[in-house]
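2 protein chains.
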Amino acid sequence: MKSNLNIEMLSTGDEVLYGQITDTNATWLSDYLFAQGYVITSRYTQGDNLQQLIATLQQRSQVNDILIVNGGLGPTSDDLTAQAAAQANHESLVLFPQWVEKMQQYFAQRGKPMPSSNMKQAMLPSSATIIDNPVGTACGFHMIINNCQIYFTPGVPSEFKQMVSQQIIADLQSKFPILDKPCCYRLTTMGRTESDLADEIESTLTVPDDITIGYRSAMPFIELKLTAKQSQQPAMDKLWYELNALVKDNLIYVGTIGLAPLVSQLLREHHQPIIIIEQQTAGLIAYPLYNNQAPIICSQVLGIDQDIGQIVNQLKSTYPQAVILALHDYDIASGRFKLQLLTANHKYYYQLKYNGRRYHLATEQTILAAVAHDILRRHLLRLPLIGQYTWLQTEQIDSVG
Amino acid sequence: MKSNLNIEMLSTGDEVLYGQITDTNATWLSDYLFAQGYVITSRYTQGDNLQQLIATLQQRSQVNDILIVNGGLGPTSDDLTAQAAAQANHESLVLFPQWVEKMQQYFAQRGKPMPSSNMKQAMLPSSATIIDNPVGTACGFHMIINNCQIYFTPGVPSEFKQMVSQQIIADLQSKFPILDKPCCYRLTTMGRTESDLADEIESTLTVPDDITIGYRSAMPFIELKLTAKQSQQPAMDKLWYELNALVKDNLIYVGTIGLAPLVSQLLREHHQPIIIIEQQTAGLIAYPLYNNQAPIICSQVLGIDQDIGQIVNQLKSTYPQAVILALHDYDIASGRFKLQLLTANHKYYYQLKYNGRRYHLATEQTILAAVAHDILRRHLLRLPLIGQYTWLQTEQIDSVG
Numbered sequence: 001m002k003s004n005l006n007i008e009m010l011s012t013g014d015e016v017l018y019g020q021i022t023d024t025n026a027t028w029l030s031d032y033l034f035a036q037g038y039v040i041t042s043r044y045t046q047g048d049n050l051q052q053l054i055a056t057l058q059q060r061s062q063v064n065d066i067l068i069v070n071g072g073l074g075p076t077s078d079d080l081t082a083q084a085a086a087q088a089n090h091e092s093l094v095l096f097p098q099w100v101e102k103m104q105q106y107f108a109q110r111g112k113p114m115p116s117s118n119m120k121q122a123m124l125p126s127s128a129t130i131i132d133n134p135v136g137t138a139c140g141f142h143m144i145i146n147n148c149q150i151y152f153t154p155g156v157p158s159e160f161k162q163m164v165s166q167q168i169i170a171d172l173q174s175k176f177p178i179l180d181k182p183c184c185y186r187l188t189t190m191g192r193t194e195s196d197l198a199d200e201i202e203s204t205l206t207v208p209d210d211i212t213i214g215y216r217s218a219m220p221f222i223e224l225k226l227t228a229k230q231s232q233q234p235a236m237d238k239l240w241y242e243l244n245a246l247v248k249d250n251l252i253y254v255g256t257i258g259l260a261p262l263v264s265q266l267l268r269e270h271h272q273p274i275i276i277i278e279q280q281t282a283g284l285i286a287y288p289l290y291n292n293q294a295p296i297i298c299s300q301v302l303g304i305d306q307d308i309g310q311i312v313n314q315l316k317s318t319y320p321q322a323v324i325l326a327l328h329d330y331d332i333a334s335g336r337f338k339l340q341l342l343t344a345n346h347k348y349y350y351q352l353k354y355n356g357r358r359y360h361l362a363t364e365q366t367i368l369a370a371v372a373h374d375i376l377r378r379h380l381l382r383l384p385l386i387g388q389y390t391w392l393q394t395e396q397i398d399s400v401g
Numbered sequence: 001m002k003s004n005l006n007i008e009m010l011s012t013g014d015e016v017l018y019g020q021i022t023d024t025n026a027t028w029l030s031d032y033l034f035a036q037g038y039v040i041t042s043r044y045t046q047g048d049n050l051q052q053l054i055a056t057l058q059q060r061s062q063v064n065d066i067l068i069v070n071g072g073l074g075p076t077s078d079d080l081t082a083q084a085a086a087q088a089n090h091e092s093l094v095l096f097p098q099w100v101e102k103m104q105q106y107f108a109q110r111g112k113p114m115p116s117s118n119m120k121q122a123m124l125p126s127s128a129t130i131i132d133n134p135v136g137t138a139c140g141f142h143m144i145i146n147n148c149q150i151y152f153t154p155g156v157p158s159e160f161k162q163m164v165s166q167q168i169i170a171d172l173q174s175k176f177p178i179l180d181k182p183c184c185y186r187l188t189t190m191g192r193t194e195s196d197l198a199d200e201i202e203s204t205l206t207v208p209d210d211i212t213i214g215y216r217s218a219m220p221f222i223e224l225k226l227t228a229k230q231s232q233q234p235a236m237d238k239l240w241y242e243l244n245a246l247v248k249d250n251l252i253y254v255g256t257i258g259l260a261p262l263v264s265q266l267l268r269e270h271h272q273p274i275i276i277i278e279q280q281t282a283g284l285i286a287y288p289l290y291n292n293q294a295p296i297i298c299s300q301v302l303g304i305d306q307d308i309g310q311i312v313n314q315l316k317s318t319y320p321q322a323v324i325l326a327l328h329d330y331d332i333a334s335g336r337f338k339l340q341l342l343t344a345n346h347k348y349y350y351q352l353k354y355n356g357r358r359y360h361l362a363t364e365q366t367i368l369a370a371v372a373h374d375i376l377r378r379h380l381l382r383l384p385l386i387g388q389y390t391w392l393q394t395e396q397i398d399s400v401g
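The listed protein sequences derive, respectively, from chains A and B. Residue numbering for the first sequence follows the UniProt record's numbering, beginning at 1 and increasing consecutively. Residue numbering for the second sequence follows the UniProt record's numbering, beginning at 1 and increasing consecutively.
Just so you know, these hints were derived from the structure itself, not from any lab. Be careful, since some hints might not be right.
In this list, chains with the same sequence are indistinguishable; a pair is considered to hold if it fits within one copy or across any two.
What the hints assert, rightly or not - 20 angstroms max Cα-Cα, derived DMTMM-like pairs, lysine to aspartate or glutamate:
#, residue 1, residue 2
1, LYS225, ASP14
2, LYS353, ASP65
3, LYS120, GLU101
Can you make the complete structure from the sequences, with help from the hints?
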C-alpha cells in the first residue's frame, strides 16, 4: 500500500467552473473524507465539454489513486459524464436493465410514468459497477482506468452525500485501509499580523518536519493550524501547548467556531439579552449575532444626527436586564471611534483608535465589528475588556458604576 | 494561433482546497477574462505541498496554453509557489534586488522597518520576469514552462485583481489576440420558477444552435443568459428582444447590477433619503443598501415587543423628507407578513403572504428582503408597488394620503 494517496475530486459543470455557484460538495467531501482519514490532495474543475472531459479522465487517472467525479449524470443532453467515461476507457455505453427497473420503481412510487429522457441514465460504460442512489434517478458507478479507482457521483448534494457516506467510503476503506489518520489542531488570533506571528513562531518554536504549521489571514483574524499524522500526536501536543502559550494574549478561540458564533453561544449560555447600537458599521455588529441565534432584543444603525446618549438611556430604562453595546463616531481620517458597554452595574466608555494598515471602508467596518464582538467575549469571559492589539490604541477610558 | 486556447487557473492553498474560504478570485477571473474574450477552460485547486505543486506545474503546463497561478506568494513558510516554480523548471531561486528595494519603500512609507521574513518575497526563479504589485509586498511573476505562459499572482483579492487587470491582460492580448470575442447578455427576473420560464422559452422562442441560453437560480431570482460569438450578434439581438418581451412582467434588471445595488443607485439619483425598519430579517434589508452607498438615514431591527406604529410615526415626524420602509410581523407558519411604505404624501400598508416553496429561515429572510427592495424599486420607477409574482399573494391593501 502506498503511504500517501493521491485523491482528487473532479467537479464538472459550467456553473461551478465560472463560480456562479459555490461548490459546496467539495467542502463537504474534504471535511467528510478528512474525518475518515483520507486527505483530498487536489480538485479539478471543468465545464460541460465532452472532449475535454475525456482528456481529463485519461490524464487525471494517470496521476491519482482515487478520483471522485461529481456531476453530469442527469437526463439532459449536457450531462456527458457516462459518455466521457466510456470513451476515456475505449469501451461503449451499454444498457443496465437493473437501473431501468430501479427508475421504474422510483417513478411508480411517485405515481408518474418514467419520462423517456431518463433511459439515458441507465446507459453506463460496459465495465462499470453500479453505485446505488437511494434518493434519485442518477446512477452512480465505479470504474478502474489506468489503475485509478474512479467513483462517478451525481451533483445534487443530498444524493452525492448519501452515495459517498453510505457506499463509497466502505469501498475506499476496504481498498485503502488507513492506519495512521491525519489530525489537525486550529486556533484563531486577533491583533497581530501574519508576518509578525510567523517571525516569532519560526524564531522561538521548533516545528518537527512531519508537522505542518499553516497560517490563514482573514482581517482582522489570523488562524494557525497544525497538521500531522495521528502517530505524531505527542509531538503535536507539545507544539500545540507551546503555540498556545506564545499567542495567548491574542488567542480568540480554539477550534473553528468563529468569533460571532462564539459570542452568540456565550450570550445564550449566560442568558444575557443584548442590544446593539452601531453607527458606521451598517449592521455588521448585529447581523452575525442574529445569524447565530444570539439573544438580541433589538438593534439600530444610527443616523449621523441622532442623539446616541438619549437612545442608549431610553433603551436601558426599557430593558434594564440587557447589556447594551454601542460603537459610534468612527472618524475615517483618524481611525478614532467610541465604544460603550453598559452592563447591569457598570458603564464602560472608551475612545479607541484603529492605527493598523488602512483598507477600504468595508474591511475597516469588519475590523470594527470584530473589536465590538471581542469586547463582548471579554466581558462574558471576565477578561480585560480591551485586548492589547498592535493596531488598536486606547486613548481614553471612563468607567461608571 | 490556436483557435481554442486552454486556459487554466491554478488555485493554491489548503483553505481553498478544503473549502474553508470561497475562491472569489476564481469567480472574478472567469468574469473578467470572459469580458476580454478569454474563456477559462478549467481550474485546478491544490493545497500547500511543495512536491505536489512542482508536479502540478509540470503536468498542467504540458496541457495548457496559459496558466494563472494564484496564491502562495506570502512571507510565511507555507507559501511555496516561487520555490515550486523554480524546481518545476529546474532552476534556482535568486534574489531580485529591485523587489527588495520596492518592499523597503513600501515599509518606509508606512514608517516601519521591513520584517526579515519579507526577504523571502524577493526570491524568485532565475528565469522569472517581475509583475509589479502596486498595493502589497507579494511579487507577481511570469515564466514559460513547457511552452506554457504562466502568471504567478498573489491570493489577496485586491492585489490579484490589480495585477490581472493592469498588467497580465495586456500581456495576454499581445501574445494571444482575440478575433471573435464571445459576448453575453444577461437579465434577472423574480417571481417565476426556473422550469416555468424554461418551458415557456423553449416552446415559444427559436434559439439558434450557436447561441447558448443559460439559467441560474439564486432564490428568489432567476438569471437568464445568452452567450455566443460576437459574429452572431444580429441573431443574439433578435433573440434578446424576444426574451425581454417574454419575461417583461418579471424583469428586475438587465445586466448584472443586482437588486440592492440598483435600488441604492435609484435612491441616490432621486436624492431620496430612506429609513428601514425590519423585524424578522436581521438587517438583511438595510445592510445591502448601506453596502451600496444608499442614502440611508438610519435603520432598526425591531424587538418583538417594540411598538412599531410609535417608532414609525416618531421617525416620520423627525425626518419628514424620508421614505420609510417597514417589513414586520412575519409569521413563519403561515408565510404572512406586513409591509409599509411611507412616502411624502402616501402611506401604503400591505398584508402579504409568501406561498412559494418553503425553505429554512435564512433563505426566507433573503426572499422577504428582496420583496422589500423590489417595492422600493417599483416606487422609484413608478411601477405598481407589488409585483404579480407566483409565490406572493396580496391579502390586504390600505393606502392613506
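The hints, checked one at a time:
Taking the closest pair of Cα atoms, LYS225 and ASP14 come within 20 angstroms of each other only across two copies (10 angstroms); inside a single copy the shortest separation is 33 angstroms, beyond that limit. Within a single copy, LYS353 and ASP65 get their C-alpha atoms no closer than 54 angstroms, and across copies no closer than 49 angstroms, so neither meets the 20 angstroms cut-off. In this assembly of identical chains, the alpha carbons of LYS120 and GLU101 lie at most 20 angstroms apart only when taken from the same copy (13 angstroms versus 62 angstroms across copies).
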